[in-house]
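*Asks:* Each chain is listed here by its residues.
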Amino acid sequence: MISSSPYLILSAVIFIIGVLGVMVRRNILVMFMSIELMLNGVNLAFVALSRQLGNLDGQVVVFLVMAVAAAEAAVGLAIIICIYRNKKSMNVDDFNLMKW
Amino acid sequence: MEILIFSIVALIAVICSVQVIISRNPVNSALFLIATMVSLAILFILLNAPFLATIQIIVYAGAIMVLFLFVIMLLNLRRDEFGPERRRAQRFFAILFSFLLLIGITTVLTVGTFNSNQVESGWSKTIPAGVEPLAQLLFTKYLFPFELASVLLLVAIVGAVVMAKRRL
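Line by line, the protein sequences give chains C and L. Take the first sequence: its position 60, counting from 1, is numbered 60 in my numbering, and each next residue is one higher. Add 1000 to the 1-based position in the second sequence for my numbering, that's all there is to it.
Hints were generated in silico from the structure; no laboratory data involved. Quantities reported herein were computed from a predicted structural model and do not represent experimental measurements. By construction, the Cβ of each residue, glycine as well, lies at the ideal position given by its N, Cα and C atoms. Possibly wrong hints are sitting among the right ones.
What the hints assert, rightly or not - Pairs of lysine-lysine residues, derived as BS3-like cross-links and limited to a Cα-Cα distance of at most 30 Å, are as follows: (1) K87(C) - K1165(L); (2) K88(C) - K99(C); (3) K99(C) - K87(C); (4) K1165(L) - K99(C); (5) K1141(L) - K88(C).
Claimed, not checked - Some chain C residues near chain L, calculated using beta-carbon distances under 10 Å: (6) I9; (7) D57; (8) A74; (9) C82; (10) D93; (11) L97; (12) M98; (13) W100.
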C-alpha cells in the first residue's frame, strides 16, 4: 500500500489541466468538459484522503459531488443549446451580450 | 504491485486529460474525457472504494458523457467551428499561471498538514469496502444532504426542460 501523496499530486495535475482548458480553449463545450475534469480531480483527492484518514466521510462527499455534477451537466448543456440557438456559434467570444 | 498499476493508470489519465484540452474536435475531447474517467475509476478501486468506481463509470462515463455526445450531435457543428484559436498572449499567461498554481497546490499537498507523516493517520484501520458502510453513513449522518441532492436533481430536470424546449 503506497502513501496517498502520489494520488494527491495526480489529482492536482488533473485539476490544473482542467483550469488550463477553461482558460485556453474558446469552445464552450470543451470548456464545460474541462470543468468536469476539475471535478474529477477533486474527487480523486477526496477518495485518497478518505483512505489515508481511515473514515468514509470523504467517499460520501464524492457521492454528493457526482450528484451535483450530473445536475450541473444537464442544466449547463441546456444553456449551451439555448445559446447556440440564438447565436449559431460555439465560441465564447461571440457571447458578449452582457459585456460592457 | 500497487505502485506499478498506479503509475500506468496515472500516466494514461494525464495523457488523456491533456488530449481533452488540445483536441480540435469536441467529439475527440469527449472520448478522451471518458478514457480519463475510466482510469480514475481504476484508481478508485486501488483506493479501496469499489462502489465509487462503479458509480464513476455508470454516472460519469455513462450518463454525463452520453449527454455531452448527444449535445455535440444535436448541434451538428460545422467545420469552421474547429478552426485555429488565436490569442497567443492569453495562452502564454494561462500556461504560466496554471503552472504556478500547480506548484502551489503540490507544495501544500505534499509538505502541508495533509502529509501522511504528520497527520495522525488511519493506516492501521483499513476503511471497509462495499456498499453497506457507505449506505449506513449516507442514511444516518448525511441524510439531509442526501435528500437535498434529490431535490437538486429534480430542479435540474425541470430547469433543463424549461431551457432547452423551444416553446412550453
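*Asks:* All hints are to be evaluated individually against the structure, with a verdict given for each.
*Replies:* Against the structure, the hints:
{"no.": "1", "hint": "K87(C) - K1165(L)", "result": "holds, 16 Å"}
{"no.": "2", "hint": "K88(C) - K99(C)", "result": "holds, 18 Å"}
{"no.": "3", "hint": "K99(C) - K87(C)", "result": "holds, 15 Å"}
{"no.": "4", "hint": "K1165(L) - K99(C)", "result": "holds, 26 Å"}
{"no.": "5", "hint": "K1141(L) - K88(C)", "result": "violated, 47 Å"}
{"no.": "6", "hint": "I9", "result": "holds, 6 Å"}
{"no.": "7", "hint": "D57", "result": "holds, 7 Å"}
{"no.": "8", "hint": "A74", "result": "holds, 4 Å"}
{"no.": "9", "hint": "C82", "result": "holds, 5 Å"}
{"no.": "10", "hint": "D93", "result": "holds, 9 Å"}
{"no.": "11", "hint": "L97", "result": "violated, 16 Å"}
{"no.": "12", "hint": "M98", "result": "violated, 17 Å"}
{"no.": "13", "hint": "W100", "result": "violated, 19 Å"}
Of the hints listed earlier, those the structure fails to meet are numbers 5, 11, 12 and 13, in rising order.
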